[in-house]
Amino acid sequence: MAQKTEAPKKNVEPLKMDPSFKYEVMKEHDGETLKICFQCGSCTSSCPTARFSDSYRPRTILRLAQLGIRQKILPSPTLWLCTACFTCTDRCPQDVKVASVLRVLRNLAVKEGQTPRIFIELASNIYETGYAYKIPELRQKKRETVGLPPLPKASLDRVDRLLELAGGSKLIKSKEAQ
Amino acid sequence: MTKVQLQETEHATPTESIRIGVYVCHCGLNIAGSVDCEAVAKFAATLPYVVVSKDYRYTCSEPGQELIRSDIKEYKLNRVVVASCSPRLHEPTFRRVCEDAGLNKYLFEMANIREHCSWVHLHDRESATEKAEDLVRMAVARAALLEPEEENTVPITRKALVIGGGVAGIQAALDLADTGYHVYLVERDPSIGGRMAQLDKTFPTMDCSICILAPKMADAGRHPNIELLTNSEVQEVKGYIGNFKAKVMKKPRYVTDECTACGDCVPVCSVTVPNEFDVGLSTRHGIYIPFPQAVPSTYIVDRELCLNKENIIVCDKCIKACERQAIDFEMKPEILELEVGTIVVATGADVFDPASLVEYGYTKFPNVITSLEFERLINAGGPSGGHIIRPSDMKIPETVAFIQCVGSRSERGHLYCSNVCCMNTIKDSLLIKEHWPETKIYVFYLDIRAYGKGFEDLYKRAKKEGVLFIRGLPAEVIEDRKTRNLWLIGENTLQQELYRINAEMAILSIGIEPRKDSAVIQRLLTLSRTQDGFFMEAHPKLRPVDAPTGGIFLAGCAESPKDIKDSVTQASAAAARASILMAKGKVTVEAITPRLIEENCTVCGLCARVCPYNAIIFDKEAKRVEFIEAACGGCGTCAAECPFDAIKMRHFTDEQIFAQIDAATQLDAEKKIIAFCCNWCSYAGADFAGVSRMQYPTNVRIIRTMCSGRVAPKFVEYAFARGAAAVLVSGCHIGDCHYINANYQTLKRVEKLWKKMERLELNKDRLQLEWINASEGERLASKIREMQAIVGSVSAEEIENSKKMMRKG
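Going line by line, the protein sequences match chains A and B.
Residue 178 is where the first sequence ends in the working numbering, and the numbering goes up by one at each step.
Residue 1809 is where the second sequence ends in the working numbering, and the numbering goes up by one at each step.
Calculated from the structure, these hints are not laboratory results.
Misleading hints may appear alongside valid ones.
What the hints assert, rightly or not - Pairs of lysine-lysine, BS3-like flavour, derived with a Cα cap of 30 Å:
(1) K35(A) to K1541(B)
(2) K1748(B) to K97(A)
(3) K16(A) to K72(A)
(4) K1238(B) to K1804(B)
Since the structure is predicted, the reported quantities are computational estimates derived from the model, not experimental observations.
Work the whole structure out from these sequences, hints included.
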């Protein structure tokens, strides 16, 4: 959208649309299917999360992405409510890879440093221990007392390498920056 | 008027009899905007045999045409080249200009510098001009070798065959019969009437379907010029435009014409099956009449069902019940041989079966029905006497939900829009409101397409009546086991809110799909089908009812999903087109058929083996090879197959194609792609890329052949021998070939060439094969973009190598 003139202050500011945003999405694997969405709503209506949420609407997120209203997508916590069950992808009449587009969008959000704390927490757990959940010492000891073998140790240098390749290290770094 | 440039050249040697005039068209700024037309005209003047070369703003305008006409006389031109738009657009125009000036129309050649040049290279004037010059060079080289040809005329039998007795077939048959031609109307079912007979009311006027159809059916039944062949199927069609020979099998009805349709035989019959006409919602007996208004009004015995099917009379109840003694189990199938000049294909369509969309629960939940079933329920002549009752408890539902786009606009059904379902649903909702105004009606839709005359009014009426339209299809339908009511769950996309709506009945608005056995008709008549599976027309806009095969016309849903009005319109158009041929009584065949060069022919029979039309008579003993000109389609795959150069494909001769390759590779061959494109699909696809302004690199030079089957391996080899970086062979998709299956040969030949290139240790990626249809401009453009990597990677050494290798052959 060309911003030629400043609208008078009294009026409601129109949403800023970034026409190049969709191309950012479409560069990523399966992101290219974003453009063919015709907004039928099969994704939202099939979505198990949407049935329990007032705000999570995959169709709406896709529309916002098509229009390039990035400020409404990337900072939004609802983006992270997808459980990756892929029912939307399965039922989409236009073969839009809905769940994958959402994944692409989450990745973009991460790039912009818009990751909810909990996901950073989980990622750094993996980074540090190889487990998404840090097992407390007490729990480890309890295993011993009931005769369970100790949990296997993850090979951290491999985890490190994997995170590096997947771009996860940046996520951790962003946490460290905080 | 624009300035006219005149540059006579000294290149044309007076002893040489060939005198070419070149006209470079600006097409306003369409060409001149990105090509320096003046420079191209100046360049053309330097080419051999060119006597006069001019650029002109609109060559196709009357003054432009006059310019060519007067030049032909003034400069004694015997070849004309116009560099302008696609020959698919204006070749006929300029051919007529040549003929007006006394020049044989086969001595005209076109260089396509608009669709294939200026429009696809909008931002690179220099390279576009260079390419335009090359294209003119190629056209002039070919023009110099053109020969005058005479066209043969073929007589046309003044009889027509109409396949399919739905409303389209009936209309076409009536129009043809009224014009005065004898018509055979063949219908597979026991009665004509088709889908329209099953419908209750029609949109947008809400008039009764059978009430307006029945008189037409009766007209067709008693028209002196119409021979009605019901319960019959076309088994074989041979021949060609004007001279088809069709074999039709007339299956026995086991009831003679003595039948008065009194119906006494029905109650005594002891076997029943679901009634097809009522889509299985009622039953019929082994002897039956499909519906009361059936034409012919004669009963029929379903021998598959009848107890007497093993040809032993074990039950004679109906025979005894028939006073007129019209039942005859001795009737045998008859094969009729019909000679006709034209054929109208009106084979109709099937409906989508929604059982595959499990989330809607069709066939699982009794109260989920299809729109066609609804038509029978709401019809006063239907199984429920016009009451919509829900199957689970026979009660009239208080809440009804329509679900749109079932099987349409979806990867899980058909990709296209079925055209009629929106209006059909609106009509159906009004019918319910008419009978039971209190009924709550929901319509779940994606888009409502109310595009026709009176459609929007009807849509508005439905809204006024209180029909609730909700944008967003339900994701699933869940049944309440106790009440058998249905829960529809989905998103109201305009509110971004989920809905969960209880309905007592759900009607799936199912789409239209091609007949399951369209492939049979396709094979019988050598037709083509589009990707959707419907029969393809010769031109989507300008010849919408002509099939690509001469003398065959399309009407109704066989061509694409359409409503009654459009079917009738198209049927009348098809009848008119067929009448034009029959009124003329003869047709000229384009002179692009092969000629045998007898001294080269070894009577090996390879040509006859690859001919898709069986147009080559091959007799090893009598040492005879002969072409049946009228049956020949002109694809040229015989000439490409002949290893002895014994077939000359008129107007697409080896020499002409070699000359084009020569001209195309004269400059910077090592940077160029030589592309062979078939006239119908790939060349048209390239035209489409032009019309859509899809930009692609300038280094491709397209050579047009009628079919990709014309592309002989020697052409490809020659292009490499001349140093071309890459070669693209492209044709219609397998199965869509305009010459039945000639492109199978293309595939075989290219595969052979790849093997050969491997053997010679040449990079076989330099030869690419791509199927591109007329609407796949982007596919062509991206193929050429993709091939840049190949062009860029080919080393000078490799080019030299292939030059040597390929020259050796």
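Measure nothing beyond the straight line between the CA atoms of K35(A) and K1541(B); if it is 30 Å or shorter, mark the hint as holding.
Status holds; Cα separation ~28 Å.
Compare the distance between the alpha carbons of K1238(B) and K1804(B) with 30 Å, and conclude whether the hinted pair is satisfied.
48 Å, violated
K16(A) paired with K72(A) [C-alpha distance capped at 30 Å]
10 Å, holds
For the pair supplied as a hint, K1748(B) and K97(A), confirm whether the alpha-carbon distance does not exceed 30 Å.
37 Å, violated
The earlier numbered hints that this structure contradicts are 2, 4.
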